[in-house]
Amino acid sequence: MVKLYPEKLLSIITNDSMQERLECMFKKYGVSGFTIIQASGEGSSGMASEMSGFDGNILVKVIVPESQLQVLLESVERKLRKGYHLTVFVSDVQVITPEKFNKKSQ
Amino acid sequence: MSSLSNLLLPAVLFFALGVIARLIKSDLRFPPDLAKVLSIYLLMAIGLHGGYELAKADLVIAMNSIMWALILGFTLPIIGYLALVMTRKVSPLDAAAISAHYGSVSAGTFLTAIAYLDNVGVTYETYPLIMLAVMESPAIVVGLILAAKARHSIAAREKAPVSGGGAVISPPDNSADNPGGKFSELLRDAFTNGSVVILIGSMVIGAISTPSGMQQLFPFIDEIFMGVLCLFLFDMGMVAARRIGDFRQVGWLLALFGIVMPLIGGVVGAYVGHAILGFSVGGATLVAVLGASASYIAVPPAMRLAIPEANPSFYLTLSLGITFPFNVIVGIPIYHSLVQAMAAG
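These protein sequence lines are chains A and B, in that order.
The first sequence begins at 1466 in the numbering used here and counts up one residue at a time.
The second sequence begins at 5 in the numbering used here and counts up one residue at a time.
Hints in this document: simulated from the structure, not taken from any laboratory.
Derived pair list, reagent style DSSO-like, types lysine-lysine, alpha-carbon separation capped at 30 Å:
1. A:K1544 / B:K153
2. A:K1547 / A:K1473
3. A:K1547 / A:K1492
4. A:K1544 / A:K1493
5. A:K1526 / A:K1547
6. B:K29 / B:K40
7. A:K1544 / B:K93
8. A:K1547 / A:K1493
9. B:K40 / A:K1526
10. A:K1565 / A:K1526
11. A:K1544 / A:K1492
12. A:K1468 / A:K1565
13. A:K1468 / A:K1492
14. A:K1493 / A:K1565
15. A:K1473 / A:K1492
16. A:K1547 / B:K153
17. A:K1492 / B:K40
18. B:K93 / B:K153
19. A:K1547 / B:K93
20. A:K1544 / B:K40
So that you can see chain B by itself, here it is in the shape it has in the complex (with noise of 0.2 Å):
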């Protein structure tokens, strides 16, 4: 049963156990900044890993790939956006916010993926790592999009003075296109994120580097790297848990909308590997987990600066306290499941 191999995945055990350990209110803490080191390593190392056999890869599939990778980025959040404002439950802006995080992609869930498949023993492509490196940011820039469009209509609607002078809601006019500063720079800081900073620069690394200087790395990037993962995952199991806590506050129809865009974007995903990139089914795996997977490392400070009327206990519930774990979980055997089939049929 391929469900139950991911349940007993040491990595997704050991996810549980953070999960658990912040539910029974042990005083298990780890140092602050570990999570964010741990992602520091694993993103290096899969990136170093990743460039040394992208040098040997084809181009045309590797640009098919990177182009199918912003597609999916510049898509996905305005499905999810479509699906929010048809909900009623959340404001334009924060339906922005919210989508700008489904569009984009979480490399703790895709590094899951990988230790699936290397536990299924299943072969994938490497291809899925640059689109991992290339649908950090598109995302970023459609919520922009979305924010700046329902900031006019807003705008349009309340022609007349809100009541209540030094509300904090009520944007003036002025600040109708952008409140987070020119466009640019918020595209510039989508683009130069630490995530993709790290990822490309050791892909590029791994990929000139001699092959005998990367046979020295292989200790580093290969035999620990499960472990650091465990570790990882550990950490993160105690960081959703905490925001399990918020369910409440964003209501079941949006807890859902955390269930069920994943599942969309999975779809998404598996079709895009699958069909039109032609990836095997472990590739493709990976695919899906990427349209499925939401952001919550890069995208909630960006959304913070450029959408900040958006509520963010709404995007770092749905995308850290629900999405997240139900990837891990469960999601990550069903997008496997999926591709299969597709695979078969």
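Here chain A stands alone, though its shape is the one from the complex (with noise of 0.2 Å):
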């Protein structure tokens, strides 16, 4: 049987001009990696098509250890109150190997 560790999927949609932004939040506060997928789809600021440099959207899905979560959704609301839009969720993962995402404790 292979031992599965808890650790935090932080999952972002955002418009893709919001990229660069998100990966210096991520640099600053130390998170080992994070995956960006392109994204389309309809919400609260309209519709976002497919096409990147047309309005794009992306999904940005990043996996931290609990003690790291707080102060990247600390960040992403500082961005919310500016009136950035973000769909921020949270959900439980289990990873196999937890030592890849723990680079700020090593």
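Mind docking these for me? Both chains are given alone in their own frames, and the hints should help you get the complex.
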């Protein structure tokens, strides 16, 4: 039986123009890695096309230990308060290699 | 009839086909990044071509064109902003974001105008091409300044804290100056925008390349150009049609702005091109088109970052769903007739 370790998955849906800002935020808070997927859809701020460069959306996924999650959420909240449109949700996940996601604590 | 000849231009017909395909809910879909790829090609081809021609151009006229492009880029958003504030339909921050789109330019509209002029056999100067490159960015700066001003007046008006904490719209006092980050960063973004780099870079390459080297490129930049433009407008027709559905959300008064503002910009541009810069009818028509067109590639992401409080549905529906189709289908022949009337008068 493979042992699984609990981690938090932070998902953010936003406009692709925000990508650089989010990457900076992850680097600033010592996130060890993240994944960005092109996304399309519709929401409170209107429709987002699937085209990058034509107002496309991205789905950003980052797995972090619970101890690191709060500081990221606070940074995200500051962005929300400034008016940026971000859809944020957190879920519990289980990983096989927890050392991959614990860059800061090492 | 010049207006009919515009409607029967293959590029415009493909644009209409794109709109129809979306309206009849066809399953036709282009690869997500096709329009982006095509616009890179179009900007590169027009830049190389223009640079090649500009190498023979008069430096004084070129500098004069650049100066007037800057004046247009800085003035048109202010006119748009004042008009929008008068409608009382949008917040000052929305007005700042929308008007920035109208001071900037749409290369797609400009290229359609070139196809139109080629079709009716009207020659034009190459200087408006430099103006196209120059006019991409100043409006973004004006948008930022107008937004900063609007934030200060909102902050002054709302000294009392807004109830319902957690609300997304009420920025804390310390962000009143600029939530988008440092002003210098936004300026850098505005002037290093992808379209500007491709266009100016290709113009420089076109200007300094050897004529024989350029001759080899002509099949790429000349012969297939109109075909690629058709494909680009076909795709853009579908993109625009997706925005037309948001028409009801913006309301008729704002939709009217999407038609009146390009007409105002067109008149101002026509006057600058004809009376001030002394261009031919073709050249002045292109300047009018620059004045009339609204950006939908460079400015929206810049406004998302710089004025996040503004509603993207407003500026995208107006620039992409209303003004772009209006200019492509009926605007261009109107600006051409206007310049013809000015030249005759």
